[in-house]
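Participant: Residue numbers (the numbering used here), protein chains in the order written: chain D, 1 to 333; chain E, 334 to 666; chain F, 667 to 993; chain G, 994 to 1320.
Be a bit skeptical, because a hint or two may be false.
Think about it this way: if two alpha-carbon atoms lie no more than 25 Å apart in a straight line, the pair counts; the simulated DSS-like pairs of lysine-lysine are [unchecked claim]:
(1) G:1294 <-> E:373
(2) D:248 <-> D:40
(3) D:40 <-> F:967
(4) E:370 <-> G:1294
(5) F:967 <-> D:37
Note that these hints are calculated values from the structure, not bench results.
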Amino acid sequence: MVASQTNRENSAPRLLDLYRTMVRIRAFELACEAAHKEGKVTGAVHLSIGQEAAPTGVCSNLRRDDVIASTHRGHGHTLAKGAAAETMMAELYGRATGCCGGKGGSMHIADFSVGMLGANGVVGAGIPIIVGAAQGLRLRGSDAIAVGFFGDGATNRGPFYEGLNWAAAFGLPVLFVCEDNGWAATTRTTSMSGGPGIAARAEALGVPTTVVDGNDVEAVDEAAASLIAEVRGGGGPRFLLCETYRLKGHTVHDAAPYRDPREVEERWTRDPLRRARDRLLALGVGAAEIERLEAEEEALIAAASASAEAAPWPLPAAAFDDVQDNGGAAWAN
Amino acid sequence: MVASQTNRENSAPRLLDLYRTMVRIRAFELACEAAHKEGKVTGAVHLSIGQEAAPTGVCSNLRRDDVIASTHRGHGHTLAKGAAAETMMAELYGRATGCCGGKGGSMHIADFSVGMLGANGVVGAGIPIIVGAAQGLRLRGSDAIAVGFFGDGATNRGPFYEGLNWAAAFGLPVLFVCEDNGWAATTRTTSMSGGPGIAARAEALGVPTTVVDGNDVEAVDEAAASLIAEVRGGGGPRFLLCETYRLKGHTVHDAAPYRDPREVEERWTRDPLRRARDRLLALGVGAAEIERLEAEEEALIAAASASAEAAPWPLPAAAFDDVQDNGGAAWAN
Amino acid sequence: MGELSYLEAAIRALRDEMRRDPLVWAVGEDIGRGGVFGQYRGLQEEFGPERIVDTPISEACIMGAAVGAALVGTRPVVEMRFSDFALCAIDELVNQAAKNRYMFGGQGRVPLVVREPIGLWRSSAAQHSQSLEAWYAHIPGLVVTAPATPADNLGLLTAAIRCDDPVVHMENKNLWGLRGAVPDGDHVVPLGVASVIRPGRDVTLVTWSATVHDSLVAAEEVARQGVEVEVIDLRTIWPWDRGRVLDSVARTGRLLVVHEAVKAAGFGGEIAATVAEELHGRLRAPVRRLGGPRIPVAYSKPLEDVYRIEPARIAQACFELARAAAA
Amino acid sequence: MGELSYLEAAIRALRDEMRRDPLVWAVGEDIGRGGVFGQYRGLQEEFGPERIVDTPISEACIMGAAVGAALVGTRPVVEMRFSDFALCAIDELVNQAAKNRYMFGGQGRVPLVVREPIGLWRSSAAQHSQSLEAWYAHIPGLVVTAPATPADNLGLLTAAIRCDDPVVHMENKNLWGLRGAVPDGDHVVPLGVASVIRPGRDVTLVTWSATVHDSLVAAEEVARQGVEVEVIDLRTIWPWDRGRVLDSVARTGRLLVVHEAVKAAGFGGEIAATVAEELHGRLRAPVRRLGGPRIPVAYSKPLEDVYRIEPARIAQACFELARAAAA
Ligand SMILES: Cc1ncc(C[n+]2csc(CCOP(=O)(O)OP(=O)(O)O)c2C)c(N)n1
Ligand SMILES: Cc1ncc(C[n+]2csc(CCOP(=O)(O)OP(=O)(O)O)c2C)c(N)n1
Ligand SMILES: [Mg+2]
Ligand SMILES: [Mg+2]
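Work out the full structure, taking the sequences as your base and the hints as a guide.
Facilitator: Here's what the structure looks like:
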C-alpha cells in the first residue's frame, strides 16, 4: 500500500472547485436535516456531514459516463457526481419531480443520467453491483470506469469480499472507495474486526490499496486522480481507503450517545470544510470570494428546498408504474 | 505464517495409527465408488481419495467432545473423527440403520455422537456453523474446540470471510482447516482468485496461518497438534492450510477430462497413503504388519458394506419424522 | 396484569428467559446499545457482552453461527434488524437451520429464534418494508410467529425461545409503541394457536400482525351497520390454526383474509385455498383476500399509501361478503 | 421442426441470442466446461471466456454483478447450478434486481435471467431438490418461468433473455434428457401465456415443470374411464395466465393444481384461491391441490418417494373431483 504524497502547486482554482462541491453537500445536508425536523423529509436519513471530502475528491476525477454505486449515506456521492440538488431535494420531499419520482427517498437516491447508479438500503450491496457494472462496461467496449463507495462497516460483509476478489480475478476497471468513519451505526468497527485492518484485507485480495486522509480533500483528489488513471488504463481494480469521521448521528434520529463527546468535539476540529477553507485562505484566496461561493451554494440549496416544497406530489396511480413489463401494473390487485 | 517443522523421533506407533485411519478412509471410498457403480449408493458422491492425510492428521489430535463441520466431501472427516464405518455405509446405502436414518446420504453424512456435526451440500456453509459452535461451547464453559474443514473453492465465498473475521473478532476456539486440492469442480481455484493466496487472506483477517504439506500425514499431525493446543489454550482461532490433491473426479460421475492426465499421474506419486507406507517401511515396520493392518481395515469396510446391504430400508412413514415439533408430521398433507 | 408496550414485552420475554436459562443468548448488530429499535434496552447491562452479543455486519455469519451454537445446545436469539436484511442470510436459515434436524436424521436440534421485524414503517421504502412470512411458511422445519399485541409478543417470543426448532419471530415495526395489558409471571402463548379476538356470526376475518388492529377498527365500523365480524388473530403463521379457522368459517360461511404482505402468493392464498377445499359446500360467499398489491413499497406518502390496507377497505370487503350472503 | 432435448433446447436458445445480440452473456461456476449439467456445452468455444464467464464460488457476487452489468445495458444470463444455491444470493435477487427499476423511479432496467434448476433428481436430498417458484412469484418485479418441454425451454429462455426485467427461469433437472419437437427459426414463447396441452371437459388440471408429464399420464389413465381432463401447462408462474385458467374452470367447474413444490404456501394456493374467489358459484366440486408434503426431501429412495407425486395420485384426485361432480 502506498501512502499518498501531496504536491500542491497552483492548487487554488482546483481547491475552490472542490470546496464548492463540499459546501454544496454540507448545505444540502443541513437543509435536509432541518426539513426532517419539520417533517417535510421523512424516513431514515443518513447525512454525510464531515464526510464531504471523499465523494468530492473522488468524483471530481470522474467523467459523466463513469458510474458509481453508493450506500445508505448517499447524498454526498450523488451531488459530487453531478446530480442536481433540485431533483434530489424533490426526491427527499417525496415529490413527483424527484429524481426517483418519489419512490426512493434518501436511502434510494439515484441519478442514472449522471452515472449515479443508486444509494442502497443494504450495507455492502452496492459492491457486487459496481463490480458487475465494470464488467458490463468492459463488455460494451467502453473505457468508462466504475467506482464503489462504502463504509468501514460494510467491509465485514461477504459481498465486500466476493466483490473485491471478483474485481481482482477479472482485472476489472473498478475503484473501491471506503469511507472509514470508524463507526457502523452504534458500533466501533474495529471492535468487530479481526486482523490488521481494511487495507490489509484489500491487498490480500489482490487489490492495491492507498490510504489517505479522507478529510483532506486535496489529498483525496490527488490520490483519486492517479488511481483512476491506473484503473482507466487497464491496470485492474484499486482501493482507496479514506480515513474520515461522521460528525453527526448515524441517522437524523440518532443523537449518538454511544460516542464520547470529546471524540466528536476533537473531530470537528478536523472538519474537511474548515480545513479546505483555511487552506484556501492560506493560498491567498480572499475571504470575500470564499464567502460569495458559500452564499451561492447556500442559495442554490435554499432554492432547491423551496422548489421541492412547491413541487407536486406523485399521483397514487404512479405507484403501479415501473414494477415490470410483464405481470406488473395490469396485475395490480 | 509458520512453516511446520518436522521432528519425528519414535514415530512408528503413531504413524501406524495414522496410516490405519487413512487406509480405512481409502477402503471406504473405494467401496463406495464400487457400490455407486452398481447403483447401490446413489446421488452425488464426492470421494476423499488422495486427501486422506488432512482429516486423519487433524482429527487424531481431537477429543471426542470436540466438534467438526465438514463439506460435500465428508466421508474422510467423519471416519477420522471416529464414526463407525458400518452406520456410515448404511447411510450411503440409504438404510434405516444409517447414521442419518437414510435421510442424508453422502452429502449429509454426520455423526453427532462423535462430534461430527455434518457434511454440507452448500460450499462454505459449514464455516459460520462451526464458528458458532465454538461460541456455543465457550458459552457453555466447555474447553472443547471446534474444527471447520473446507476446500480451496470455499475460500471465495462470503461466509468464509465473515466466519474467519467473526472467529478472530471474538477470539473463538476454532481451527480452520483448508484442504487446498487446487480444484473447485472443473475450475482451478487460483484462476478465480485475486491476491497472493489463501494464507494471506486468513492472516489479513487476524487468523494466524500455518501451511503444511497436506499429503504428509505426519506433518499434518504435528502442525495440528500444536495449533489445537494453542486453540484449546485460549489463543483464539488458527488456520491450517493443507496442500493436497483430489486424485479422482469431483464426483463419482466425473472423469475429470479438464485436467491434464500428466498432472494427475504425477500427483499419484505423492499419494499420501503410499508416502506413509514407504515411511513406515523406512522406519522399520515390517511389511507383514502393514499388510495385516491393511487387510483388517479392508475387512472392516467389506463387513460394513455387507451389513449395509443387508440392513432394512426405512419405512416411508419415517419421512415425516424429525421435521419439527410444531407443524411437522401432524401437518403432513 | 401490568401494562407494557409491544417493545417492552419483548424485552421482558428475553430477559426472563435469559434469567431462567443461562444458555439463552442474543446475537445481532448494535444490540449492546439496545438495538436499533430499543428492543434490547438494558439487557447487555444485566447479562454482559457474552450473552448480548454485538456483531460485525455479517448477517450470513450471524445466522450461520447461531445454527452452530444451537447445535451444541445453546439457544440463540438472532436479531436481523429488518426482515429485509435476513435476505442476506437465507441459505443459513433455509438450507442450514431449517433442514438440519431432518437431514441428519434427528441427530441435532436447532433451537434458535430469528427476530425479523416486518411491515410498513415511516417512509422506509422498498428495502425496509417487506413482510415475507409466506416464504417461511413454505419451508419445512420452520415455525413462523407474528404477534399483534404486547401480550402475544411476550407469550410467543417466550414460546419461540423454548421451542426446540428454529422459529422466525416477526415483530411489526409499527407496533413497537403499542401498549396493552400483559399477564404477570410466566406467560407462554402456545405455538399454532390462533386467538378469536372478536366473536361474530357473519364473516370470519383471519389476519395477523399490524392488520389485526385495522381489522378490529373495520369490524367495529361494520358492526354499527349490523354486520358481525369474527376477527381471528392467527398469531402463528406456521403451523396455522386450521381447526379454529375452519370451525369459524363453518359457522359464518364467509372468509376474508387480510394481510399486509403482497397478496400474490401470500399466505392468504394458503388459508383461502384450504377453506375453499374443506368448506366449499358451506360457503355463503366466495372466499376473499385483501393483501398488498404486487408492487415494491415506495417512499413518498401518496405512493406508500397505495400499498397500505386501510380499515375502510377492510370494512368494504366485509360488507360485500355479508351482502353476498343475502344473495 | 427438429427434435432436441430440453438441455439442447436451452443451449440453442442461449447460443442464438448470443449470436443475435453481442450484449448477451452468461456467468456462473464451471460453465466454461459446459456447466454442471452440460447446459452450456460448446458455448465458450464459440463465444470465448469474456461472454461465457466462469466465476469463483461467489453466488452473491454472481447475482450482484449481473445486476450491475444489466444496469449498464448488457444482458447477463446467470447460472445458479441448483436453485438451492440461489439462496446464497437472495438479497441480490430480491432486494437489488427485483426492486431496482421501481425504487429508482424507472431510471434503470435489470434485464437479467437467473437460471435456477429445480426439482427432485437422483437422490439429491434436502439441499439439492427444492422448488421455490412460489417465493419468486411473491416478489414484485420478478418474472418466473418453468418450462416442461424442449420447445418451451427454447421459447421461454429466449423470451426471458429478451425481457427487460429480471426473470427467474426454473429448468427442471429431471427433464434435461427429455426429447421433443422444437420449431425451427426464431421461437419465442410469450411470457404469461399458458398452454392447454390436452383439452378436456370434466376437470381443469393446472400444472408446470416436471409434473406436467405425470399429469398427462394421469389424464390418459382417467380418460380410459371416461373422465376428460384438461391439462394446462402454466409455463410462466408469474405472471400466470389467469384468463386461460379461469376460462377453463368456468367450463369444467373443477380445478386441480399439481406441483412438485411443497403444497403449504405453494403457488397452487394462489391459483386455487383465485379460482375460488372468482368462480365460486360455478364450481361443481371444491378446488383441490396436490403438492409436496411439508418435509425436506430425503436421500433414501423410499423416503424420497414419499415426497414425489406419482401419476396414480393425480389420477385418483381427478376421479374424486369428477365424482364430486356427479354428487
Ligand atoms: C445488510 C445490512 N445490515 C445492516 C444494516 C443496518 N445498517 C444500516 S447502516 C449500518 C452501518 C453501516 O456502517 P458503515 O458501512 O461504516 O457506513 P456508515 O454508516 O458509517 O456510513 C447498518 C448496520 C443494513 N442496512 N444492511
Ligand atoms: C454455494 C455453492 N455453490 C456451488 C456449489 C457446487 N459445488 C459443489 S462442490 C464445488 C466445488 C468446491 O470446491 P472446493 O471447496 O475446493 O472443495 P473440493 O470439491 O475441492 O473438495 C462446487 C462448486 C455448492 N455446492 N454450493
Ligand atoms: Mg462507518
Ligand atoms: Mg478444492
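Participant: Indicate, hint by hint, whether the structure satisfies it.
Facilitator: Hints and how they fare:
1. Proximity of residue 1294 (chain G) to residue 373 (chain E) is assessed by CA-CA distance (about 11 Å); at most 25 Å being required, the pair is judged to hold.
2. With a CA separation close to 20 Å, the supplied pair residue 248 (chain D) and residue 40 (chain D) stays within the 25 Å bound.
3. Proposed proximity of residue 40 (chain D) and residue 967 (chain F) is supported: the alpha carbons are some 11 Å apart, at most 25 Å.
4. Distance check on the hinted pair: residue 370 (chain E) and residue 1294 (chain G) sit about 17 Å apart at the alpha-carbon level, within 25 Å; holds.
5. A distance of roughly 17 Å separates the Cα atoms of residue 967 (chain F) and residue 37 (chain D); the hinted pair therefore holds under the 25 Å criterion.
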